[in-house]
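Enquirer: Residue-level listing of the chains:
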Amino acid sequence: MVVTAGEKKKGLQTVVFTNPPILTSWASIVGPKEGEGPWGNSFDRVLSDYLTGEASWEKAENKMLQEAVELALSKNNLLAKDAELLLAGDLLNQLASSNFAARQLKTPFLGLYGACSTMAESLIIGAMLLDGGFFRRLVAAACSHHYTAERQFRFPTEQGVQPSPSSQWTATGAGAVVLEAQGSGPRITAATIGKVVDLGQTDSSNMGSAMAPAAADTIKMHIADLNYPSDYYDLIVTGDLGIIGMALTGQLMVKDGLVPAPYYSDCGVLLYDEQQGVNAGGSGCGCSAVMLCGPLLAKIQSGEINKLLLVGTGALMSPTTSFQGESIPGIAHAVAIEMG
Amino acid sequence: MVDEKKLNEIEIQEYSSLVQRVNPKPQVFKHSVWAFVAGGLICVLGQIINNSLILQGMSNGDASASTAVILIFLAALLTGLGYYDELAKYAGAGTIVPITGFANAIVASALEFKREGYIFGVGARIFAVAGPTLVFGFAVSTLIGLIRVFVAS
Amino acid sequence: MVPLYMAFLVGGTLCLIGQLIMDLTKPEITPGHILVGYISAGAILSGLGLYKPLVELGGAGATVPLSGFGHLLTEGVIKGVGEKGLLGAFSGGLEAAAAGIAAAIIFGYITAVLFNPKG
Numbered sequence: 168m169v170v171t172a173g174e175k176k177k178g179l180q181t182v183v184f185t186n187p188p189i190l191t192s193w194a195s196i197v198g199p200k201e202g203e204g205p206w207g208n209s210f211d212r213v214l215s216d217y218l219t220g221e222a223s224w225e226k227a228e229n230k231m232l233q234e235a236v237e238l239a240l241s242k243n244n245l246l247a248k249d250a251e252l253l254l255a256g257d258l259l260n261q262l263a264s265s266n267f268a269a270r271q272l273k274t275p276f277l278g279l280y281g282a283c284s285t286m287a288e289s290l291i292i293g294a295m296l297l298d299g300g301f302f303r304r305l306v307a308a309a310c311s312h313h314y315t316a317e318r319q320f321r322f323p324t325e326q327g328v329q330p331s332p333s334s335q336w337t338a339t340g341a342g343a344v345v346l347e348a349q350g351s352g353p354r355i356t357a358a359t360i361g362k363v364v365d366l367g368q369t370d371s372s373n374m375g376s377a378m379a380p381a382a383a384d385t386i387k388m389h390i391a392d393l394n395y396p397s398d399y400y401d402l403i404v405t406g407d408l409g410i411i412g413m414a415l416t417g418q419l420m421v422k423d424g425l426v427p428a429p430y431y432s433d434c435g436v437l438l439y440d441e442q443q444g445v446n447a448g449g450s451g452c453g454c455s456a457v458m459l460c461g462p463l464l465a466k467i468q469s470g471e472i473n474k475l476l477l478v479g480t481g482a483l484m485s486p487t488t489s490f491q492g493e494s495i496p497g498i499a500h501a502v503a504i505e506m507g
Numbered sequence: 104m105v106d107e108k109k110l111n112e113i114e115i116q117e118y119s120s121l122v123q124r125v126n127p128k129p130q131v132f133k134h135s136v137w138a139f140v141a142g143g144l145i146c147v148l149g150q151i152i153n154n155s156l157i158l159q160g161m162s163n164g165d166a167s168a169s170t171a172v173i174l175i176f177l178a179a180l181l182t183g184l185g186y187y188d189e190l191a192k193y194a195g196a197g198t199i200v201p202i203t204g205f206a207n208a209i210v211a212s213a214l215e216f217k218r219e220g221y222i223f224g225v226g227a228r229i230f231a232v233a234g235p236t237l238v239f240g241f242a243v244s245t246l247i248g249l250i251r252v253f254v255a256s
Numbered sequence: 026m027v028p029l030y031m032a033f034l035v036g037g038t039l040c041l042i043g044q045l046i047m048d049l050t051k052p053e054i055t056p057g058h059i060l061v062g063y064i065s066a067g068a069i070l071s072g073l074g075l076y077k078p079l080v081e082l083g084g085a086g087a088t089v090p091l092s093g094f095g096h097l098l099t100e101g102v103i104k105g106v107g108e109k110g111l112l113g114a115f116s117g118g119l120e121a122a123a124a125g126i127a128a129a130i131i132f133g134y135i136t137a138v139l140f141n142p143k144g
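Residue numbers (the numbering used here), protein chains in the order written: chain C, 168 to 507; chain B, 104 to 256; chain Y, 26 to 144.
Honestly, the hints are just simulated from the structure, not real lab data. It cannot be assumed that every hint is accurate.
To be verified - Examples of chain B residues lying across from chain Y (beta carbon under 10 angstroms, computed):
id	residue
1	K128
2	F223
3	V238
4	I250
In this text, all values refer to a predicted model and were calculated from it rather than measured experimentally. All residues carry an ideal CB built from backbone N, CA and C; glycine is no exception.
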């Protein structure tokens, strides 16, 4: 039997939306360090400390996600019960933060894991569910917390370790977007679902290098599937590659015949100042989530950016596979967000 | 016919060399100076404690053991107060190699899992780093002892 | 007694070697690997009779680094073998290192009870 492509599918990996879903509102909550960064004023809320009055960092993280979802909805005068579906993910085992936030929100819920690419993943799936006519209004969200990630993936937080210059700082932050079939705001016009790409990188303190090939591959496929000129987008922004990963992706893009500068940047590079001691930059689900739901969508709304390609990037490693000597697979999903 | 496995290997090799070119090197000289000075000073502190204990009339062996206990106490305190990891960002091996680094690894692991309870949180995780260290210490030294026993007999 | 500057030089050099291992070899080397490596290396060098001269030269500069702990274990084992034969190979190390290990566990536990991780 010959499988024919879906009618909304274009090229090998890309979908184009017939009725582009609308980002009607969004919200971002960040940790103290992100608040001190260059975009500190662009976020809805900056937490004063990492516990925010909770008994553990895990509790603080799921509360942060819950509040970001509620805040995004409240901007449209909506409550959690008005959303038909919540699509959310985080970095913790068993998606602990998203599950517990969904427990409080009582919204029908699908948990997603795409490591740090989760924000893009939730937007893509949400957009497809809306364009497919299954829902009218849903929330796509993602979050990460520096210390919950640190203790799960790396070292106890009080252990003395010397960070390598290629290491990245897991962002503390949650971003939520209300996606609707009708309304006004920026639209999701197309999306490219990435392949898992692994070029044998094993250093867990150099995630950018592990993810860069996936990012470059997805960008290449997106541009090729849609037959766009390489300068179609005002800005292509990857999720959390950091300085090294961004430089590598730039090189790989040139190899693919694309011109990165000045249209290409990375949320992990943008989120912090160099002096903040984050080495190669930011990472984590929250990194691209808050950059999108903070400064980037604001710039789209104000007309500074018309066409944005958000490329969420994820390093699909686990401590178990790393101990077993496995390399780190990367993934990247691209979401095209356009105004008007 | 294109050998896909071979192609993939070439791609991996090419990419690895690209990563190596882009990847920043650690500041070996700066790190080394920090490690040398910090590690040296911790040892000097140990020597001062050791000397004063001997002056108080302690035997060499007891003074040495007491010095270790005092240094471990200080490292535990600094870890609890949240200073040891900040120092280690700069001092690197200078704070990891001395017995204070061993104490820090033990305390940090224990402290981190406090919120998971005092038995299977603190109690179990306290050995996350210390466990492997002690296992290898005992394995190697016992093996040396066994060799001595059998060589002697 | 060993002069302080010798403790500084010997201790600093042992730490410097650790730093070079971390910076110049595989990035996968963690502090845990360094600790395991030092305790093992100290125990082996002690067994070969090479660590004792270093202690005589550097005092705390040789005993405070974790290689000194490995040396302590081996010395305990060798002493145990001399006194009790085969049994001593098993009991000697822990006897010699008992204070340090117990202190680390007790202080570790107390710290965990009294403090919270600051991050």
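Enquirer: Please go over all the hints and tell whether each is borne out by the structure.
Expert: Going through the hints against the structure:
The restraint placing B:K128 at the interface with chain Y holds, with a minimum CB-CB distance near 8 angstroms, inside the 10 angstroms limit. Hint status for B:F223: violated, given a least beta-carbon distance of 13 angstroms to chain Y, over 10 angstroms. For B:V238, the shortest C-beta to C-beta distance to chain Y is roughly 8 angstroms, which falls under 10 angstroms, so the interface hint holds. Annotation: interface hint on B:I250 holds; nearest CB of chain Y at approximately 8 angstroms, less than 10 angstroms.
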